[in-house]
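Participant: Top to bottom, those sequences are chains A and B. Using the working numbering, you'd call the opening residue of the first sequence number -9 and step up by one each time. Using the working numbering, you'd call the opening residue of the second sequence number 5 and step up by one each time.
A few of these clues could be false.
To be verified - Only pairs whose alpha carbons sit at most 20 Å apart, straight line, appear in this in silico EDC-like list of lysine to aspartate or glutamate:
1. A/K52 with B/E245
2. A/K52 with B/D70
3. A/K376 with A/D223
4. B/K104 with A/E181
5. B/K104 with A/E111
In short, the hints are calculated from the structure, not lab data.
What follows is the residue order along each chain.
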Amino acid sequence: MNEKMKPRDEEIVGAKPLDEDIAIDVDNVSKLYRLYPGQRARIIEWVTFGKRVYHYPFWALKDVSMKLKKGQALGLIGPNGSGKSTLLKLIAGTSIPTNGEIKVNGTVAALLELGAGFHPEFSGRQNIHMNAQIFGLSDEEIDELMPDIIQFAELDRYIDMPVRTYSSGMYARLGFAVASHVDPDILIIDEALAVGDLYFQRKSLDRIIYFREIGKTILFVSHVMPVIQRFCDEVIWLDEGKIRLRGEAKKVTKEYEMWSLRRQEKSLRTRIDGKPSTMSDRKKAEFKVLDESWGSGEARITKVEMIGADGEPRWHFEKNERDVTIRIHYFAFERLENPVIGINFHRIDGTYIFGTGNVWIEDYPLEPFEGPGYVDYTVDRLQLHKGTFFLTVAIFPEPDIPYWQNPCDFHNQMYEFTIVSEGEAHGIIPFDGRWAQKTGSEDLTRAGIPISIDFGEKRAPHYLYKGWWDIETGVDLSFAWSQKTAGLVLLQPAGADKLFAEIKSNKPDIAEDPVTVDLLSGEDLLGSAVLKDNEWHVVELAVARKGRPSAHQLMFRVNPIWRPCEFGNPDDDREIGIGVTYIGFEPKTVNEQD
Amino acid sequence: MLKRILDNQHLIWAFVARDLRGRYVGSLMGIFWTVIHPLSQILVFSIIFSLINRGQLVGLGGGPLDYTIFLCAGLLPWIAFQEYMMRVTNVFVGNSNLIKKINFPEETLIIQELVSSLITLAISFSIFTIIIFVFGGWRPTAHILLLPGIVLLQIVFSLGIAFAMATLNVFLRDMGQILAVVMMAWFWLTPIVYPSSIVFHDGKLLMPEWLWLSYTLNPWYYLSKWYREVFYMEKVPEFNEVMVFAALSALIVYIGLKIYKAMRNDIPDMI
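Turn these sequences into a full structure, and let the hints steer you where they fit.
Facilitator: Quick look at the structure:
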């Protein structure tokens, strides 16, 4: 066998012996791509045996070394072209390093760059079979796994259709389902979760959590930092083919975010400041499209700044940052008697957030424009969630025209700024709001809480809670409670000052040792009934008169020396059953009198 | 590599099955297309050559199907070869999704295309023998037992070119276009639809000498000749020629594999 074949064959047969607990060992690995300007260049290099060199050597990875322990979840982050995907490809074995060595301990399932390796003409089922075969599973094992995979991918009737007919979401689902079910030791996921609906993303993340819990090794590329922070123990930040930082997930992602913010700002500055335009250019065409700016050119916006309360111009702000000034520098080539300035904010997805103007929307007539000058618009509070936003700024020559027509200079979404904040962003605008809570309720009439419950008529279980025997309503008793206390909710109407209850005990003769039944509202003792026999007694309890209807949580309580029991004749002297047939803030209706 | 191919033979069969199914199941006439395609060519050639003065087609008998038998014996293997070449050239590029994204044993694709083309050849050969048996009065002789040997020579020969073409096409995507031109010229420069006797007959050179000389260097001249010999000429192919051909095929396989192995590591990056 040829020397060059070695690495690939080894990965299929199994890795060289490695330290037991190391899953992946990347040792000084580099990957060179030769970029040719065209096919002809390649042929010339071939036929001259490399004497003439036309290609541009591009090192996608340069001397990268890293080890990954078994059971670790590692995240890879970095800007586009930093070598993340290349590194994953090398570890997955679909690409071969130019220099260095990669040792992999265990089986690898990889989801590389949005989607799996499917044959477009094969059905979903056939592709599952093929992928599992390549992974090294036997037919029996595949047959066993098949239903799980199909179920996880939720493809149902599509499973026997060619995958070329699948939507990108279905494709991603199937890819993830296969890779996560073949039971690999190492799972490699490259941005695969970016597709698919939220429900499936959620499901996939759950699956990854499960993978972590059962101790599999995970290698993960994502641009979504919260996801990285959540699932990775460690993060490697790649930049230009080299490891820039490796460490604890939160720390590295934070550094990376700050870095990319600075980078963005820098490129933005050069873009704005380096914008070439001369007056003759402006005058040549009535409407000149230059980048995203256009207009008739009587006055031009020469510079736009966003300035924080500290007076520093910058392009990133905190959420809800106060006193942010948008400073629009202009130069008027002709005198504008009544100029108008408009400002719009758009979110990165195109949502129009806010717009204003010194006329039309507000009433702040500007001094005439002549030559240079600037106009400030200060936002009291930048009420925006974290994210990327675009600023549109325009100068109009006069207010008496529709605001979108004939601008002198219109910079459409040319300025980008970022809002940074901790925590998640929900929705578009962070409202100012306060939470408050008050316990208890002032008006519960509409909740349907009764002012009395007649147990003899029908059960009203909604307003009974805790401690009642679940027994049928009897003829001469209605309810008994089973625990030391039994509760219910009643509504005290406005003005009511008496509570009536009709109760009895099941003890025929306890005159010398009467039972006291207390009725409480919350912690307050409303009153007590003393029961000396087993007859019905109507007790009347005075309650504080209330100006408005109020709900009471009422509680019956007996002395804790008694054990509650069912209402029938107790076997035990220490057991007692108490029955209640009526309770309410008005006397029981008359029909009992006869 | 042989081990990798053997390890993945189920994969090859799955691909072959899908390939054949894909080619024929969806279509109206199904498997008949396998036959109709060569049959139509045979029909066209038969008609055209029947219009040409038969006297020029010396060496052929006067039977009604004699030309057809002559034609089929050479043309059917050529069609299989041509189809294999055209398809295999694109096999790495066309399956880039598999090779890039999973650790796919890409050499199996070359074998898979070969198996597919052989199955097609077997079907068209079977139908052809039935037709000439029933209508052409053709009776098999013991020579037909040599047919698998000739097919094997063709397989080895094609395989070497296949590895080279599939690999080179990854780096130079023009290979398919170049191949189409080459195959066309090769076809007409090989006595497949016409007998070699129109070039050289009875010691007389009837065409430019270079054409005759090119035959000696043209592998398909020998292959088509041997197919005819075992099919109906009741001749055993000349041993020396077969040995030279076999050695040459082995060399081609060696070169093809050498090219493939030298470049295989770059294949996933280039497709």
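Participant: Hints numbered earlier in the text: which of these fail when held up against the supplied structure?
Facilitator: Checked against the structure, the hints that fail are numbers 1, 2 and 3, while the rest are satisfied.
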